[in-house]
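*Asks:* Given next are the chains, with one letter for each unit.
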Amino acid sequence: MGKIELTKVRKSFGEVDVIPGIDLIIEDGEFVVFVGPSGCGKSTLLRLIAGLEDTTSGTIEIDGKDATNLPPAKRGLAMVFQSYALYPHMTVRKNIAFPLKMAGMDQAEQDKRVERAAKVLNLSNYLDRRPGQLSGGQRQRVAIGRAIVREPAAFLFDEPLSNLDAALRVGMRQEISELHQSLKTTMIYVTHDQVEAMTMADKIVVLNAGRIEQVGAPLELYNFPRNLFVAGFIGSPRMNFIEGAEAAKHNAQTIGIRPEHIAVGDGPWEGVVGLSEHLGSDSFLKVAVDGIGTLTVRAPGEVHAHHGDRIRLAPAGKIHRFDANGLAL
Amino acid sequence: MARAHSPRRKLLTTLAAWTVALIIFFPVLWMILTSFKTEPSAVAMPPEFLSADWTLENYAEVWARSDYPRFFWNSVVISVGSTLLGLLIAIPAAWAMAFVPGKKTKDLLMWMLSTKMMPAVAVMIPLYLLFLKFGLIDTRIGLVIALMLMNLPIIIWMLYTYFKEIPGEILEASRMDGASLWGEIVHVLTPMALPGIASTMLLNIILAWNEAFWTIVLTTTKAAPLSAFIASFSAPQGLFYAKLSAASAMAILPILILGWFSQKQLVRGLTFGAVK
Amino acid sequence: MSTHSSRLAARLMVAPSVALLLVWMIVPLAMTLYYSFRLYRLISPDRTGWTGFTNYVWFFQSPDFWLAMGNTLVLVGGVLVITVTLGILIALLIDQPIKGQGVLRILVIAPFFVMPPVAASILENLFMHPQNGLFAAVSMALGYEPILFLQDYPMSSVIGIVSWEWLPFATLILLTSLQSLSSEQLEAAEMDGAGAFSRLRYIILPHMTRAITVVILIQTIFLLGIFGEIFTTTQGGPGSASTTLPYMIFKQAIAAKDIGRAAAGGIIAVILANIVAYFLMRGLGRNLDN
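Chains as they are written, first to last, in my numbering: chain A, 1 to 329; chain B, 1 to 276; chain C, 1 to 290.
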């Protein structure tokens, strides 16, 4: 069980409102990702749920019980930290068993749970090593192991993959997703990487300056961003925004079009290729379009367009329209 | 610096460095040599090196004429006692300042250090009178308290520095894992900070061992440590160089050896973490 | 990681240390302040009473006072200059690739573990003594008269002794700092055309600023109260030539048995120490941050 409900949760440090007031419901078993630029308050929000920070006002309910003033250990949550926060002086076995030991569980049960977690996470051969003797990915697994043995109501992840190299990150991402599928426990995952958010989440919460910009499933956010911020944040490369006469044609202050929704070939727009990045599968072109400005275009891999070439472009997908306040029309 | 140096340059720098090191060390060496000479040989002009009369007489005589074991034991009790008591009080304070810092924490630390700037002589009389009033003069407990208070700011500073190096996330993790404040300190903080605590302990034992103002002012005979022993020795004995040297060697050798064994940890502690 | 409960716990845990240090500082200070306005001589214990600023006035009018103030500053300043300068040079030397660095460090650090009365009496008797000292032997071997160190150069002698005690401390901290300088930085500077002197001036010394700051701060704290070395060697003499402020106070208390005057001197010393501390903390605090 792990339904978490935030009502008017506010956090201020002195004069500064880091989180002016958030309402959010996280259903049992959901994989929720908090995403946003650095300083948007996503980590603070996670720490409020964990109980590592006090809320200034508002309530946090876990499974229908008010947990606002409970200490971290009493909330039945487990957390995986960005730095993993493993205890360097304890072996892997002792690290994983630590929360069980603190709960006063008997030794036999502790051993059983540790063995089981180690098996799930492929750590069985490393149980007697210390964290210092492990690779980054293995340390990450130990941190997860320490979280799962407690059988918590929900897992909290604070940018857990940011210290891993690119290849390992993709692997761990899949492992965490698989873990969620097999455990079916609520997970709250904080990241600044929209790719992680898109690939892992059941539900994404986009945060900006301590406010929720939009909540929804990944494709919902991709297809129907509620405002300019979400439109710009979700999707890679970033959505192109066009203002002025071209936007006016669509009865909007600003229009947005994703790079993958622009085709090279005959079309209304004409411009000069500035930069072209050929990745093999795709080519990203930066094109200075006459009367519009620079547009990023995601073209097929074999497109032959190079610096200085003059090409024509056509919109080939949804055009997003926004009003003067940046809200989607 | 991972660079190849010509053998000649290496020889030259080695020679220069050893010369400098021997000059710095020479007074200690000369004192030890003198302590093994007979009195006439010790003051002979020109000084005698290889031709000196070597003897162990001085040590025997110092041992016989003074109560060295008692002074030594007082030094041990006072330096170790004041350090342990100081650690007991300082560990919670350093924990709090390192992991729950407030706006005033830096100022508080600076203030603590500044209490050490108060010249001891300036408060000698009142402290003497206070100690007299509470019956602490010439007691080991009195000196333990005085030296503990004197070194408390340094103990706190050093521990603070070491605790600061422990990532806060680890303590948060232990809190998420259900550790109480006590559990956090016992199972996580202390084991991680053990090397730091050890070097803090060593440095403060050395500082307390070598303290030579309060130990002399506040003691007469019963609780007097080695600093008082040596002071009493140099005064009435006049110019008995060999015996003075022997007594000096007996006063400093225990701590010199302890210091040599722990010099690596000491250097880190001494810098208050300000120099990596 | 600050919740209300942990902040409360933190306050409670700092409280004993703060309380103890406050008492340790304030009670004797208050008593000293009280005595400094009293007539209180151990020779004539019956005559007591308030004397206003008489004790202070005596100090300020005493020619010895200004000499003692000067001597205190000369002692602190002299030792700082000597230990920092020599410390940098020796650290640069030891940091070179040399044989037996471990043993060498042990030799260099030794004086730091020698208790002050021992250091003072060894250097005074075995080295500086005009008849039996080693220095006298060297002078005579070179055909000169032995130098009367404590007689003719009392302050310099004291500074020399104290510098010997503190040189290892300065050297080791500066060496530690030097060893943390990345060789890539030096190589980059060399590629940029910096000669040995420029590397020292623009790369090495700036890197050591923090370490030098620490050395100055910590040594000053200990040097302001230097007492034992003077007591063991010159006894403040000849005359008052090597009397520092702490020693002058000591003389008033022990030799003249005038507690009132000694207390007034104590208060002056505390004020002086606070002024020095203020400037130190302000000037150096900046270097220590970040």
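Do not take every clue at face value.
[Said to hold, decoys possible] Some but not every residue of chain C turned toward chain B, in silico, with C-beta under 7 angstroms: (1) Leu107; (2) Ala188; (3) Gly228.
[Unchecked claim] With a cut-off of at most 27 angstroms between alpha-carbon atoms, the simulated DSSO-like pairs for lysine-lysine come out as follows: (4) C:Lys257 x B:Lys222; (5) B:Lys264 x B:Lys10; (6) B:Lys10 x C:Lys257.
Keep in mind the hints are simulated off the structure, nothing from the lab. What you are looking at is a predicted structure, and each value in this text was computed from that prediction instead of being measured. We put the CB at the ideal spot given by N, CA and C, even for glycine.
*Asks:* Of the numbered hints stated earlier in the document, which are not met by this structure?
*Replies:* 2, 6
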